[in-house]
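In the order they appear, the protein sequences are chains A and B.
Residues 1 to 275 (our numbering) are what the first sequence spells out, left to right.
Residues 1 to 250 (our numbering) are what the second sequence spells out, left to right.
These are calculated hints, taken from the structure and not from any lab test.
Among the hints, a few may not be true.
[Unchecked claim] Dumping the calculated DSS-like pairs for lysine-lysine here, alpha-carbon to alpha-carbon at most 30 Å:
1. A:K261 / B:K227
2. A:K237 / B:K106
3. B:K193 / A:K245
4. A:K245 / A:K224
5. A:K126 / B:K194
6. A:K270 / B:K101
7. A:K227 / B:K202
8. A:K221 / A:K243
9. B:K199 / A:K243
10. A:K270 / B:K229
11. A:K167 / B:K157
12. A:K167 / B:K199
13. A:K227 / B:K235
14. B:K106 / A:K270
15. A:K128 / B:K3
16. A:K261 / A:K14
17. A:K207 / A:K180
18. A:K128 / A:K59
19. B:K157 / A:K221
20. A:K261 / B:K202
[To be verified] Only part of the chain B face toward chain A is listed, based on derived beta-carbon distances under 7 Å:
21. D151
22. I153
23. F197
24. N226
25. L233
26. F236
27. I239
28. M241
[What the hints assert, rightly or not] Derived CB-CB ranges, DEER-like:
29. B:K194 / A:I176: 54 to 62 Å
30. A:I176 / B:L183: 31 to 39 Å
31. A:N15 / B:T16: 33 to 41 Å
We put the CB at the ideal spot given by N, CA and C, even for glycine.
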Amino acid sequence: MEITLSNIVYDNIKNLNICFFNSKVTTVVGANGSGKSSLLQLLSMHKIPMHGNIIVDKKIVNFANNSAYNISQKIGIVSQNIENYIFHNTVEEYLLYLLESTRFNDKEKRIVDSLSMVGLPSKYLKRKLKSLSNGEKFLIAFSGVLALNSKVIILDDPTCFLDYKNKNLLSKLLKIMKSKYKKTIIIMSNDMDFVYSVSDYVYIMAKSKIVLHGNKYDVFKNKKLEKYKVLKPNIIKFTSLVKEKTNINLPDRDNINDLIKDIYFYVEQKNRGVL
Amino acid sequence: MKKIEIKNLNFKYGNTFLFKNLNLDINSNSYTTIIGPVGSGKTTLFNQIINNSKSININGNIKYIVTDPNNQIVAKTVRKQLSFFLENEGFTNRQINIRTKNIIKKFGLESILDKDPFYLSEGEKQLVVICSILVLDLDILVIDNALCRLDSIIKDKVLDYLIKLKKKKVTIINFTSDINETLLSDYIVLINKKVIFNKKAKEAFDNEKDFIANDLQLPFMIELSNKLKYYNLLKFQEIDMSKMVDILWK
Chain A
1 MEITLSNIVY DNIKNLNICF FNSKVTTVVG ANGSGKSSLL QLLSMHKIPM
51 HGNIIVDKKI VNFANNSAYN ISQKIGIVSQ NIENYIFHNT VEEYLLYLLE
101 STRFNDKEKR IVDSLSMVGL PSKYLKRKLK SLSNGEKFLI AFSGVLALNS
151 KVIILDDPTC FLDYKNKNLL SKLLKIMKSK YKKTIIIMSN DMDFVYSVSD
201 YVYIMAKSKI VLHGNKYDVF KNKKLEKYKV LKPNIIKFTS LVKEKTNINL
251 PDRDNINDLI KDIYFYVEQK NRGVL
Chain B
1 MKKIEIKNLN FKYGNTFLFK NLNLDINSNS YTTIIGPVGS GKTTLFNQII
51 NNSKSINING NIKYIVTDPN NQIVAKTVRK QLSFFLENEG FTNRQINIRT
101 KNIIKKFGLE SILDKDPFYL SEGEKQLVVI CSILVLDLDI LVIDNALCRL
151 DSIIKDKVLD YLIKLKKKKV TIINFTSDIN ETLLSDYIVL INKKVIFNKK
201 AKEAFDNEKD FIANDLQLPF MIELSNKLKY YNLLKFQEID MSKMVDILWK
């Protein structure tokens, strides 16, 4: 599913143009108060923009009939709103409730399978929600979106409560979701190292506007980033410093091990007097 | 002096023990970061400390910040939220004015002062709640993953502020999932249903085995340092990126 917001006016947002493609991870980054929350409200399809259009798969969403509602059913939002859970006693009750209005006839199997995808054994079904940690609650909510098979997956600050193992699991799952299942994945996050590791396309928001966008390398190497109160991911911060201090262009790398190989190569060259 | 002593703390969820005879001491005037994987008991331990459970001896006065800012928002405007706890503690209007003015300036809250905190974004809510606690006279400050929704620049500002507080004799305990928050603290405690270690930060990073065995990673600069040391590109751990580049290409 492809979602485009075109010339949107809503809340503090004056003129927003942004596009989310299927089979891509698109991330929206911005300082606190930059307008990400308003954008999230719009993407939930529960709020009507004052001006402009939301376009889903080339069709303008009509808020006057139930088309917005039908689209909202295909969008799975995973956020940290813990209070939403208190109406359900166990994990199983919560997940079955999510699937209540769907036509799946294998609901039990779906929730067990999706739990195992997020690394939780089926014994979690009987766990009481209030006994779960914040990290576990997030994983349960994410498994719910997987069970629903939502076409669009929106993650709001997904790494807040996750450890290293679960962050890795999440990025692997997102890669499978986008390439194998053609999902549209949208992330709102300030965890720059995570954003850098998973994103295909990045939008930077500041003062309720999109101020920069492009592939992650171009966006995070952009000199204006600082002005928009966004810090660079550590790897880019390092390669930018090297460029600034030595004029050496280290290649674009996604992980620390590749970066170390580059450092090794370039420092060796310097020591042998090649550079 | 021990500011907090936890002796033989037991805690059960249903019939399963989360903590069995957990022991932990926090020195006064120290800054401790407590880390642990998902489900390791960070929030439970935090709750036991702030509720002064009977296995915990606290020598001082505790103020705390919880994860979900909605639980600590008590006023209808940001301005009122910032002065609410000060008023409760009987500060004079003059003192309240000075303290709130300083914190507003420090964290750039000017543009949201008249807004209802309830309608702010989660990150802004977190910042407002943090500020409404930071204006108080602090002795022990305990934080449960309350910086996670802040943008990276504000987060660094808050962490800097915590270091300043520590220099003013405040004891700080920060429970977090963000490993990079450990970098500037004095002590790191790794818990996973028990205390795995309680070490000075510098010593904690020397051995990555405990981190890996408990599903955690090292902070970026520590991991980079350690790996560069392994390849003989670096002699010492260096957490300042700019200095590291200078050493590598000197």
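Hints versus structure:
1. A:K261 / B:K227: holds (10 Å)
2. A:K237 / B:K106: holds (26 Å)
3. B:K193 / A:K245: violated (46 Å)
4. A:K245 / A:K224: Holds, at about 19 Å.
5. A:K126 / B:K194: OK: K126 (chain A) and K194 (chain B) at ~24 Å, within 30 Å.
6. A:K270 / B:K101: violated (53 Å)
7. A:K227 / B:K202: violated (33 Å)
8. A:K221 / A:K243: Answer holds: K221 (chain A) to K243 (chain A) is near 11 Å, not above 30 Å.
9. B:K199 / A:K243: violated (37 Å)
10. A:K270 / B:K229: holds (18 Å)
11. A:K167 / B:K157: holds (25 Å)
12. A:K167 / B:K199: At roughly 25 Å apart (the allowed maximum being 30 Å), K199 (chain B) and K167 (chain A) satisfy the hint.
13. A:K227 / B:K235: violated (35 Å)
14. B:K106 / A:K270: Status violated; Cα separation ~44 Å.
15. A:K128 / B:K3: It is violated: about 34 Å lies between the C-alpha atoms, which goes past 30 Å.
16. A:K261 / A:K14: violated (46 Å)
17. A:K207 / A:K180: violated (36 Å)
18. A:K128 / A:K59: violated (42 Å)
19. B:K157 / A:K221: Distance of about 23 Å is within 30 Å: holds.
20. A:K261 / B:K202: Given that 30 Å is the threshold and the Cα spacing comes to 26 Å, the pair holds.
21. D151: holds (4 Å)
22. I153: At 5 Å from the nearest chain A Cβ, I153 (chain B) passes the 7 Å test, so the hint holds.
23. F197: violated (16 Å)
24. N226: Hint violated; N226 (chain B) Cβ to chain A Cβ min 10 Å, cut 7 Å.
25. L233: Hint on L233 (chain B): holds, closest Cβ of chain A at ~6 Å, below 7 Å.
26. F236: Not OK, violated: F236 (chain B) not within 7 Å of chain A, min 16 Å.
27. I239: Not OK, violated: I239 (chain B) not within 7 Å of chain A, min 12 Å.
28. M241: holds (6 Å)
29. B:K194 / A:I176: 54 to 62 Å: Check failed, 35 Å falls outside 54 to 62 Å.
30. A:I176 / B:L183: 31 to 39 Å: Hint holds: Cβ distance 33 Å, inside 31 to 39 Å.
31. A:N15 / B:T16: 33 to 41 Å: Since the Cβ atoms of N15 (chain A) and T16 (chain B) sit about 54 Å apart, the hinted range of 33 to 41 Å is violated.
In this structure, the earlier hints numbered 3, 6, 7, 9, 13, 14, 15, 16, 17, 18, 23, 24, 26, 27, 29 and 31 are contradicted, and the remaining ones agree with it.
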